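Chemist: We have chain A; now place chains B, C and D onto it with these hints.
Number of protein chains: 4
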Amino acid sequence: MSGSIDFNITRMGYIEFLVTDLERARDFYVDVIGLYETERDAEHVYLRAIEDREHHCIVLRKAPQPGVSHFAFKVECEEDLDRLHAKFTTLKRPVRWLADNQRTAQGRTLLVQDPLNFAVAFYAEMASAPWLLQKYHLHRHGCPTRLDHVNVLTPDAHRGYEWYCNDLGFRPAEITEGEAPEHRIWASWLYRKATVHDIAVMNGPGPRVHHAGISLMDPMGVIRACDALAGAGYADNIERGPARHGISNALFVYIRDPDGNRFELYTGDYLTTDRNSEPLRWSLDNPRRQTYWGPPPPRRWFEEHMSVHDIMTGKPIPPTEPLLRAVPTYVD
Amino acid sequence: MSGSIDFNITRMGYIEFLVTDLERARDFYVDVIGLYETERDAEHVYLRAIEDREHHCIVLRKAPQPGVSHFAFKVECEEDLDRLHAKFTTLKRPVRWLADNQRTAQGRTLLVQDPLNFAVAFYAEMASAPWLLQKYHLHRHGCPTRLDHVNVLTPDAHRGYEWYCNDLGFRPAEITEGEAPEHRIWASWLYRKATVHDIAVMNGPGPRVHHAGISLMDPMGVIRACDALAGAGYADNIERGPARHGISNALFVYIRDPDGNRFELYTGDYLTTDRNSEPLRWSLDNPRRQTYWGPPPPRRWFEEHMSVHDIMTGKPIPPTEPLLRAVPTYVD
Amino acid sequence: MSGSIDFNITRMGYIEFLVTDLERARDFYVDVIGLYETERDAEHVYLRAIEDREHHCIVLRKAPQPGVSHFAFKVECEEDLDRLHAKFTTLKRPVRWLADNQRTAQGRTLLVQDPLNFAVAFYAEMASAPWLLQKYHLHRHGCPTRLDHVNVLTPDAHRGYEWYCNDLGFRPAEITEGEAPEHRIWASWLYRKATVHDIAVMNGPGPRVHHAGISLMDPMGVIRACDALAGAGYADNIERGPARHGISNALFVYIRDPDGNRFELYTGDYLTTDRNSEPLRWSLDNPRRQTYWGPPPPRRWFEEHMSVHDIMTGKPIPPTEPLLRAVPTYVD
Amino acid sequence: MSGSIDFNITRMGYIEFLVTDLERARDFYVDVIGLYETERDAEHVYLRAIEDREHHCIVLRKAPQPGVSHFAFKVECEEDLDRLHAKFTTLKRPVRWLADNQRTAQGRTLLVQDPLNFAVAFYAEMASAPWLLQKYHLHRHGCPTRLDHVNVLTPDAHRGYEWYCNDLGFRPAEITEGEAPEHRIWASWLYRKATVHDIAVMNGPGPRVHHAGISLMDPMGVIRACDALAGAGYADNIERGPARHGISNALFVYIRDPDGNRFELYTGDYLTTDRNSEPLRWSLDNPRRQTYWGPPPPRRWFEEHMSVHDIMTGKPIPPTEPLLRAVPTYVD
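Residue numbers (this note's numbering), protein chains in the order written: chain A, 1 to 332; chain B, 1 to 332; chain C, 1 to 332; chain D, 1 to 332.
Hints are computed from structural coordinates only; laboratory data are not their basis.
Be a bit skeptical, because a hint or two may be false.
[Unchecked claim] Restricting the straight-line Cα-Cα distance to at most 25 Å, the calculated cross-link-like pairs of lysine-lysine (PhoX-like) are:
| # | chain 1 | residue 1 | chain 2 | residue 2 |
| --- | --- | --- | --- | --- |
| 1 | A | K135 | C | K135 |
| 2 | D | K135 | B | K135 |
| 3 | D | K92 | D | K315 |
| 4 | C | K92 | C | K315 |
Computed from a predicted structure; not experimentally measured.
Chain A with its partners taken away, still in its complex shape (with noise of 0.2 Å):
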């Protein structure tokens, strides 16, 4: 199959978080989590962390339900947009161009609603930003550097390795096997960069996004980032953590903005330049995969989930129970 892959998806390149109250999303990200903010529209605000050179790598778009609207992959040149376009076409997928005014910065950006039914979308150029790596001044709190994966879930977890890696190029790092005989694959961490991803497919009601990665400087940064919410008065918008994933061998929190939408901060992961190597593979039910130490995680974050979105009627899409079990034997 990967013969057919004519085109080169590079990284992670933004999620579009729908919010009910912008001005609270924007201080909630900007003056606690530690984001910047490189504009802002009536109803939009564009944020990027502080190893971007680019102009966003978060869009907070006010809606009247919370969510996530799309996430997008960066590609190699503006042919691979095409291609991907013939693509999508040739699947009977819904594809379209944004509109100028729904790609603020950015260079030609297709839309599509992808086999798996995520909102996915893919672009080629996106305008300059200041880089910040170097204004330490002007880092704050837990000092997000890039948004590093989404974590979707779909009830066919096998079949989405299988799309993303065998139709748009992926390689996975790590891979937790469901029951014998089968070992079908419950979840896989999937890689287009060097690290351990760019998405994680996980088996669960989809389409859903289960949270956004943000990678953080350091390990303190995990400290300081709960320091700095609970100092705001946030200490209850820690979901999760902080503790350490089996997979991936991140050192993690989990995080709900004020409208619930989730995010992940953490720090640890492993270059994944060995792009030939075998994957790690973990049982489902090994409690080291989940929670290499820490507390448990609670009952909502297996159950609670992102609404994704139809690209044609904007409508969230019901979601689909999955084949396998949603949730881990140790879970209580």
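Modeler: Showing chains B, C and D alone in chain A's frame:
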């Protein structure tokens, strides 16, 4: 009352943990937690931390049951021991001098059953031991700096507060008050040395020891300690945290040793140099008191405690139920 | 001698830096160093750190020349001030009470020219200010916790040691001894509060102040402080370090403010609770004394110092050359 | 030119240091620096770091003189080795396949004397070794994660830049330009994997190796590495830093091993996922380039380098003087 205090307790001295497998306990505290073995014999292992210039701050003693045989405060001079002997004799409390073979590396050591029924020792002299603070090539994992405090349960914590402050000269750094209208003290953090506490006295079934508090060199030590525990196969011995207490501002993790004895690794409290300062006051049901941020404590953190022993018979003392409720309202 | 000490100095209190551009100095200490402005008037900016519960630990005062107008120790009670007044009067040293407009937020304040010719103030009361320790969303960069100590130069450091220990009740934590056979004290680190020092008294042309020592919350604070300084365009104000002292075990960096006043940001020293402990003794020419590891100090670190002022005329006091050589043999 | 690149170099592979006392070197790199011994024989010690899943990233080889016998890049597949063999043969450069006993745990290994006269090896396969990333109980001190890069000196760094980019397919992350009007490249930081560099090519007498760069897990690792070195008696082996480079944003310290071989411990660089990005450009005489903050480098850091060897005779190659001046104007 304080006019009658004619001795000077200077600080928390050491704690003696009872362990059923001395070798296993030694390997846990030395290889994983990062304490140092100063000396051992058939029945004991003597441990110190990197700030210690004396022989031990934790003693592991082989016993048929886990628990705390006693904990000890250091006093300024030998005469203080005689004055304490007189005080406890006047109070008609059980009191005895430890036999030579029960006080390795210690000078004269007075052991008493105090009015709260705890087994408490006092000593003025301990043999010196090489200072490890700048032996950085020997530091490991969480890097414990000192035994900082003990935390105990007693059925009338208000009376416990008065005993320590009025009779022994401790100062309160922070106080948890019970419900109106009495605002009876539910717990207090009491110091002689200039940190938040040498002892915390909490409302609960007692006499019981909740935990020993071991300070770390820096906040990353909490993360490194968890990592080392999980790497060595002890992830399930992490009972609570990492998280931050409102009280004392400590960044902490609670750990159960292989026998179930509980200790806290913590960092981030503050100096209490201004002894005349008003103590910080917290309401029992303020959730930020126990957990400034972080996951909720498991119920066993509230309900399981270490037994305390009779200084004459060596037998565990059955606990008495507390006057006030023992668990805050916000615990499930 | 110590029998005659009828007062209780509790700790280093504050230092007043003279600055030629009050606005520039305020922006440097607040926006880059991370101190907090409690109050200001046309001539002064009052700063505090995150552990402070009182109004100020550093005062910036507008003046035609940089330097230190005076530094201050806190005492336990008002009566201590009268006893100190009597002592300095008996010694026929210049002494005066600060006028109301010279002691914003302070109670009665005694200012003396001590026998070493330093301008030193004493006070028992200071107005309280909101505690910032748990206001983590307001913490920035190196995150200073408190003014910890001053380090001063005097031509006869042995005499200075005796003055502080015998007349004022300080205890030595560490001592640098000069050459055999006398082993005259070349420098001493002296404490009242339970850290390594409230004041260090070094051999050199004096009276001069070498630096004020400001403690940080954790070792990463030293790195973050350097990053913030460089990001804000102040890289050249970093004079020495980061490195670690053998003496005091401090991880440190020395910084010159925009007027050239010098302070140290440091972390990593230890508690000095056991006041009867023998001080650690170092040989002057042991290179690990000054620099346990790290780059050699530049010569100006040894040769440039802050001027000290006459409490009656307000004029700088010309320094007297030291009895012993002022620079160790290992400095180029 | 890049049209002719028919092979895929994936990353820096390993470096072989020559050491005069194998036991002493092994103890230094393992016990103090925190690398892990995978295997040893009479002539070699094979070391790996915690991110490595393969046998070695640093080889210590017993030799009469210190220096670098060769460094190696990993390629994607065996065919790449044949294509590289053809390329170097066409260029009439010395080339040979390593004998079986010279490539312990490695597959076929091609050794060449490249056009810059460096001894460089290429290999596609290396035996796997247990992953230590989550064996936290075995982590020590600075906790090296991987061999990240080498930094080399060549008399014509502009030509070196062209060789690596045009002939071997490297991409520039950052560039130092010489004086106007030519702006000839004085140094370049070139990558294949998605970090700032696999190799830096600097102007200077060459062929010489300036240092090997070893990445650490987090910024505190730089402090812990210095502490461990000093604790073990190696404080004088710290040659430069801790400080931060402007180029690459690395928080670093340079260390000389007991034979004088130089390596850098560093952390804090950034991902170079966007391969089409314009490189960052620095002026040679911008002092923030080399030292974003920190003490000035000692002159020996500029003047002392590791010798490079002839792949046929095994003898050190005498260096040629550079075309441009070798030391920036701001070095004393």
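Chemist: Holds or violated: are the alpha carbons of K92(D) and K315(D) at most 25 Å from each other?
Modeler: With a Cα-Cα distance of about 20 Å, the restraint between K92(D) and K315(D) holds, given a limit of 25 Å.
Chemist: Would the hint linking K135(D) and K135(B) be met if the CA-CA limit is 25 Å?
Modeler: 23 Å, holds
Chemist: For the pair we were handed, K92(C) and K315(C), check the Cα-Cα distance against 25 Å.
Modeler: Within the cut-off at roughly 20 Å; holds.
Chemist: With a cut-off of 25 Å on the C-alpha distance, tell me whether K135(A) and K135(C) pass.
Modeler: 23 Å, holds
Checked against the numbered hints listed earlier, the structure breaks none of them; every hint is satisfied.
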